[in-house]
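Work out the full structure, taking the sequences as your base and the hints as a guide.
There are 2 protein chains.
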Amino acid sequence: METCGRVIINTGNGKGKTTAALGTAFRTLGHGGRVCVIQFLKGQGQYGERVMAGKTENLDWFICGKGFVFKKDNIDEDREVARQGFEIAREKVLSDQYDLIILDEITYLPLYDFLDVTEIVKLIQNKPKRLSLILTGRDAVPELIAVADTVTVMEPLKHAYENGIKAQKGIEF
Amino acid sequence: METCGRVIINTGNGKGKTTAALGTAFRTLGHGGRVCVIQFLKGQGQYGERVMAGKTENLDWFICGKGFVFKKDNIDEDREVARQGFEIAREKVLSDQYDLIILDEITYLPLYDFLDVTEIVKLIQNKPKRLSLILTGRDAVPELIAVADTVTVMEPLKHAYENGIKAQKGIEF
Chain G
1 METCGRVIIN
11 TGNGKGKTTA
21 ALGTAFRTLG
31 HGGRVCVIQF
41 LKGQGQYGER
51 VMAGKTENLD
61 WFICGKGFVF
71 KKDNIDEDRE
81 VARQGFEIAR
91 EKVLSDQYDL
101 IILDEITYLP
111 LYDFLDVTEI
121 VKLIQNKPKR
131 LSLILTGRDA
141 VPELIAVADT
151 VTVMEPLKHA
161 YENGIKAQKG
171 IEF
Chain W
1001 METCGRVIIN
1011 TGNGKGKTTA
1021 ALGTAFRTLG
1031 HGGRVCVIQF
1041 LKGQGQYGER
1051 VMAGKTENLD
1061 WFICGKGFVF
1071 KKDNIDEDRE
1081 VARQGFEIAR
1091 EKVLSDQYDL
1101 IILDEITYLP
1111 LYDFLDVTEI
1121 VKLIQNKPKR
1131 LSLILTGRDA
1141 VPELIAVADT
1151 VTVMEPLKHA
1161 YENGIKAQKG
1171 IEF
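Residue numbers (the numbering used here), protein chains in the order written: chain G, 1 to 173; chain W, 1001 to 1173.
It should be emphasised that the hints constitute simulated quantities derived from the structure, not laboratory data. Errors might be hidden in some of the hints.
To be verified - DSS-like, lysine-lysine: derived pairs with alpha carbons at most 30 Å apart:
1) G/Lys92 with G/Lys127
2) W/Lys1129 with G/Lys158
3) W/Lys1092 with G/Lys169
4) G/Lys127 with G/Lys55
If you're wondering where the values come from, they're calculated on a predicted model, not measured in any experiment.
Here it is, written out as structure tokens:
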């Protein structure tokens, strides 16, 4: 695929940040492009998209998290896992093997002080020209917004969870 | 898949309405669910997701549009195509063959006066219990918002097009 790569951020408190990135992956794959997904923070688990990824050609998938960080007791371990994930991201970005790389939940790394945002900005600035990046996660910091060409804020107008409906197989995971 | 179906709307002027629905399709397929996508308004064209759909099991895809409606001269023909699309949607929804049906760009049907919104509402209310629906498109009318359990508004904070970057293969189509 000959394209000029983009830098896209999906942020906000609503649904659709990760799924919109996955839908774009589906689109890129359809045009014969190669896609890599690196998931920060989300731990192991039976996400439907991971099952599909295992069956899909030209799609590489890395899980670099231990689950969302709510407790402070393992923070050093969480930081270490996140930093290892970022090293994988750096290697994949600079490899020039991909048309699209999704850095899922990466916005949390600077928020949790796992990584200085300048390291992410530097990597974005050094990416191969053809490579598009999609960064997802809440509360993207201004330094990330500044280097993106497209930023979408997913805002919840109505959310099932508020009505007591639980996260559901096939929809939320 | 045994689930209790949801009614989700992705609306707003930002990116990600259709791609978030496609990402959810990817998720549902991963869990072994069956998915149907019905695209209103969007005409024929080399969308990457359509190429992928042709290669993907348990995913049915219907194109029920002639391209976005900008000119008024063929409005009767556009209305007829949209109404035929809605008949397919009705048949697929009531067939109880699917876990997820995506009604892509359906919000425009009542906006353009192609279909009374009460017909869409009635279909949603009569859907099989296990079936989840995702409706996409700008300016979802209040009658649709009312019957959804989850509504996300995709808002553009920064949009590449404004900076002169054109719609791009693998990303926007």
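So, going through the hints one by one against the coordinates:
1. G/Lys92 with G/Lys127: holds (10 Å)
2. W/Lys1129 with G/Lys158: holds (20 Å)
3. W/Lys1092 with G/Lys169: holds (21 Å)
4. G/Lys127 with G/Lys55: holds (28 Å)
Checked against the numbered hints listed earlier, the structure breaks none of them; every hint is satisfied.
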